Amino acid sequence: MSIIFNHVYHSYDADTQLKTDALSDISFKIEDGEFVGLIGHTGSGKSTLVQHMNGLMKPTEGEVYFDGKDISDKDYPIKELRSNVGLVFQYPEHQLFEATVFEDVCFGPLNQGLEKKEAELRAFTALRQVGLEETTYYQSPFDLSGGQKRRAAIAGVLAMRPKVLVLDEPTAGLDPKGRDEILSLVKKLHDEEKITIVLVSHSMDDVANYVDRILVMNKSRLVYDGTPKEVFKHAEELEQMGLAIPQVTYAMHALKKAGFDVPTDVTTIDEAVDRIIKCIS
Amino acid sequence: MSLIKTDNLTFEYIRRDDEGNVEGITRAVDDVNLDIERGQFIAILGHNGSGKSTLAKHLNAILYPTEGTVWIDGMKTSDEANTWNIRQTAGMVFQNPDNQIIGQVVEEDVGFGPENLGVPTKEILERVEESLKTVGMWEYRKHSPNKLSGGQKQRVSIAGVIAMHPKCIVMDEPTAMLDPSGRYEVIRAARALNDVEKMTIILITHYMEEVIYADKVFVMDSGRVVMHGSPRDIFSQVDALRELRLDVPQVTLLAHELKKKGLDIPDGILTIDELVNALKRSR
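Protein chains in written order, with my numbering: chain A, 1 to 281; chain F, 1 to 283.
Hints were generated in silico from the structure; no laboratory data involved.
Only a predicted model underlies this, so the values are computations on that prediction, with no experimental measurement involved.
In this text, a Cβ means the ideal position worked out from N, Cα and C, and glycines have one as well.
It is possible that part of the hints are untrue.
As the list claims (entries may be wrong) - Computed footprint of chain A on chain F; a stretch qualifies when at least three of its residues, placed anywhere within it, have a C-beta under 8 Å from a C-beta of chain A:
hint, stretch
1, 71-84
2, 118-127
As the list claims (entries may be wrong) - Quick look at which bits of chain A chain F covers, simulated, 3 or more residues with Cβ under 8 Å:
hint, stretch
3, 135-148
4, 207-217
5, 228-237
6, 271-278
Unchecked claim - Some chain A residues flagged as far from chain F (calculated, every beta-carbon gap over 10 Å):
hint, residue
7, ILE4
8, ALA14
9, ASP25
10, GLU103
11, LEU114
12, GLY131
13, ARG161
14, ASP175
15, ARG179
16, LEU185
17, GLY242
18, ALA258
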């Protein structure tokens with residue numbers, strides 16, 4: 001599995017005076033098994049970008065290749081792509097609609113055309129993967145807590161057995177523990193189920209803690225593509241884009257300025273603790 | 001006299017199944033006693049479902065107590081005759097800016113509140129100008145709200161509330177849907193309102209670093225206030241907060257971890273400057 005964007009443009013109102021580019025000249029490749037973070041201010045093109053990954057939108061110029069095949073080809077099996085790349089939208093719990101959690105999770109695989117039995121089997125597996133208690137399976141989704149609802153919604157996408165899972169701000173509106181739980185779940189899906197993850201986030205701390213690689217969008221362009229360490233070196237530029245760097249990275253900058261001999265490319269608490277202890281003792 | 005006072009505030013609601021049979025009773029707010037002075041910056045923390053929003057809705061008479069009493073500027077919220085005055089005294093800002101903006105043009109949206117209160121046109125214009133300037137959105141007065149960023153929209157929502165000249169603003173997770181600069185803009189606007197205009201602010205949030213400048217922090221769990229104190233008091237209790245599904249700012253956590261490793265650092269470090277100074281002393 002791989003996703004390749006080759007000079008992708010997406011323009012709205014292309015033939016009119018109001019032409020606006022939501023994506024301009026985007027090129028990158030995501031390999032099987034990666035854990036990628038996607039950051040950018042509101043309106044930078046993140047959502048447009050991820051909708052190109054599963055064919056909900058198509059480039060107005062350039063190509064998107066999934067597994068080597070151009071998704072804009074006339075005979076491309078787009079339905080298959082939608083199963084391969086699962087998209088979890090913002091506030092996915094707003095899309096729960098069946099009478100029970102279990103029926104809701106079955107909806108995706110049934111819609112894929114699977115037999116009822118197979119769909120149910122997948123639903124069970126998915127619900128177990130997201131760690132929902134069995135007592136919730138036959139409850140109405142609306143009786144669940146915020147964090148549980150979100151798990152149920154993620155299970156609905158997992159039941160389609162995607163190879164890539166794209167999550168658009170999966171932690172928005174959750175309390176700190178809820179945020180940790182959802183992100184640990186995503187990490188588990190990556191580590192144990194070998195699902196490729198694309199995580200769209202507004203939290204620099206979360207991105208620094210979980211992902212291996214960060215893509216940064218600004219004004220419809222891809223401006224950085226690198227490890228958290230590489231990307232968060234650009235503190236000033238990121239701030240100008242309406243973003244930030246993790247608070248612990250700011251702390252390391254301040255310590256360095258105050259005369260402590262510490263590196264400034266630290267992005268996690270554990271590493272910061274090590275470095276500061278080393279420097280002081 | 002305090003601006004907001006609650007006396008044994010309790011709120012219960014009845015849960016029903018699909019057939020309408022009573023399944024049980026949930027106590028969303030349980031015996032809460034608050035006493036908030038004019039001009040304070042108050043933060044309320046608590047996990048999802050802890051009762052924060054239900055409490056907030058009592059502060060401008062969207063909900064009434066099942067037991068106990070709420071007074072806003074001396075007015076009892078349970079007395080229906082007070083409802084309009086209370087809503088004018090305590091304005092609310094909600095999580096999603098898109099649900100709060102109705103005007104086609106920014107200034108029109110901000111003018112809606114005072115117009116609805118029957119304020120004369122000339123004064124509406126003055127209030128719109130003053131409110132938009134307070135939140136730093138005056139230059140966008142002729143813009144369409146749907147072309148603004150999340151942080152800008154949320155500041156327009158705040159301006160819409162300020163234009164009604166409330167004595168207090170209750171903000172229920174105003175930054176939950178915003179990017180980092182949007183969060184910063186909104187929190188800066190809230191602090192400026194408090195500092196400069198002496199507006200009383202009640203901020204409900206899940207972002208710990210937003211509350212470090214509050215005068216007082218209340219932490220809720222199962223409808224009760226389980227901790228209260230200055231941000232430093234509260235964030236000194238890292239483990240207790242974690243048990244309540246909460247957290248501390250990253251720099252506080254860093255200081256806490258360094259202390260556990262044996263460095264001589266005080267509890268409840270809130271800012272990077274404090275951390276730097278503490279480390280300088282321990283070197």
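Notebook entry, point to check: Out of the numbered hints, which ones does the structure contradict?
Noted result: 1, 2, 4, 5, 14, 15, 17, 18
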